[in-house]
Every structure is written in C-alpha cells, then in structure tokens.
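Student: Construct all of the structure, not just a fragment, from the sequences and the given hints.
For the record, the sequence lines run as chains A and B. Residues 1 to 114, numbered by my numbering, are exactly what the first sequence covers, in order. Residues 1 to 110, numbered by my numbering, are exactly what the second sequence covers, in order.
The set of hints was computed from the structure by calculation and includes no laboratory data. Each statement offered as a hint is correct.
Stretch by stretch, here's where chain B covers chain A in the computed footprint (C-beta under 8 angstroms, at least three residues):
| no. | stretch |
| --- | --- |
| 1 | 34–42 |
| 2 | 101–112 |
Over 10 angstroms on every C-beta distance to chain B, these chain A residues come out as not near it, computed from the model:
| no. | residue |
| --- | --- |
| 3 | T13 |
| 4 | I26 |
| 5 | G28 |
| 6 | N52 |
| 7 | P61 |
| 8 | S62 |
Since the structure is predicted, the reported quantities are computational estimates derived from the model, not experimental observations. Glycine included, C-beta positions come from ideal geometry on N, C-alpha and C.
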Amino acid sequence: GAGVSQSPSNKVTEKGKDVELRCDPISGHTALYWYRQRLGQGLEFLIYFQGNSAPDKSGLPSDRFSAERTGESVSTLTIQRTQQEDSAVYLCASSLALSTDTQYFGPGTRLTVL
Amino acid sequence: LAKTTQPISMDSYEGQEVNITCSHNNIATNDYITWYQQFPSQGPRFIIQGYKTKVTNEVASLFIPADRKSSTLSLPRVSLSDTAVYYCLVGAPGGFKTIFGAGTRLFVKA
Chain A
1 GAGVSQSPSN
11 KVTEKGKDVE
21 LRCDPISGHT
31 ALYWYRQRLG
41 QGLEFLIYFQ
51 GNSAPDKSGL
61 PSDRFSAERT
71 GESVSTLTIQ
81 RTQQEDSAVY
91 LCASSLALST
101 DTQYFGPGTR
111 LTVL
Chain B
1 LAKTTQPISM
11 DSYEGQEVNI
21 TCSHNNIATN
31 DYITWYQQFP
41 SQGPRFIIQG
51 YKTKVTNEVA
61 SLFIPADRKS
71 STLSLPRVSL
81 SDTAVYYCLV
91 GAPGGFKTIF
101 GAGTRLFVKA
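Tutor: Okay, here's the thing in structure tokens:
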C-alpha cells in the first residue's frame, strides 16, 4: 500500500519568504508527527497530531512555525519569514495510534534557505 | 520523559554480530522501548520494539534486563548495507513527545 508521502521533496527559498510543507499520511493513521533533522544530526521533534488536534505545540522552534491537519489526513507545516537556520530536512511520520505503534516515515522535504 | 543514552558511533566488520546498548535509567512502568534505523537521505525505519526480556524478529533481537534501565539491540552477521544510524526510543501509550536523540552511527567495513 501507499506509504507516507511528502511534498515538495526539495524546496529552495529566500530568507524572509514563507514556505508550506505537505505531508500525506498512510490512510487510517490517526497520529501524525513532524520532525526536523539538520545535516548530520538526530531528529528534533516538532509536533504531533492526534486526529486533527495538536495537544502540545511546545516543540515548535518559534512562533514562525505552525502546523495544521485537516480531515484526519493531510498536514501542513508552515514556516513564516524563513531564516537560514531553518534549513534542514523536515520529516513527517504517521502511526495507527499514538505512542507505541510503529511510526512510518516519509522521505522528507529538504528545505534550503538562502 | 525517559532520556536515552547511546554510543555516538561504532565500527564493525561484515559477518560480525553487533550489539548496541541504550541506557534509559528513568524508564517508566508503562514505557516501551523501540529501535529505528536510518539510512542517509531517508526517514527512519522501525526495527523492533519490546517491553521486557527478549524480542526477536527477522532483522534483529532486543534484549531488556529485568530492571529495564537499559536495552541492547543485536544485529546478527552485519553486512555493508547495515551501515546506518540506529535510534533508541522510550515512550508510553497515551501520547508523548517523541525523543529520538542523536542515535548511534554504525559503520560496517568489508
């Protein structure tokens, strides 16, 4: 079956511009996660959704970052007024339910802020 | 949240067994232990999960001692394609902020 997909696969933008990153989870997965991974580093948790609700937004790096999920399906991570330190791979994962269920990861979106 | 500690890197040779240990001293009663594998330019991939004692699947074994303060991922007879970063996670049902940590970079040599 189809896995987690993310778009775009690569995004190059100029400092100060807004970007939207999209995640399509596996159908039927109620939990969805966003992570950031800088070059050569581990994964940094950003936010998770249970259904369309994000109970804890404290992992978002700044108020320039926001995320939403609709229809218990697609999620969008938006970064406003991008900065060079936002350059990273943004990974999305979904799982059938929260916590112990296996997380299935997408291929990521590589964001480069010039 | 239970913090995990793993070695930063390990080297091995093809055909050897590799054991990667993860420390999680403040693991909670209802926490599970999960290991993921990540190849370059890919998202992490689930390897194995356990709660106590030993779990084995077609890829690896997971050993968890009685006190559950550590766990060991065992990869039998590694090949060059097992070169990757391995992450240990600890978490409980009901929702949690997933912490992957820096992982262990395994390099398998010919």
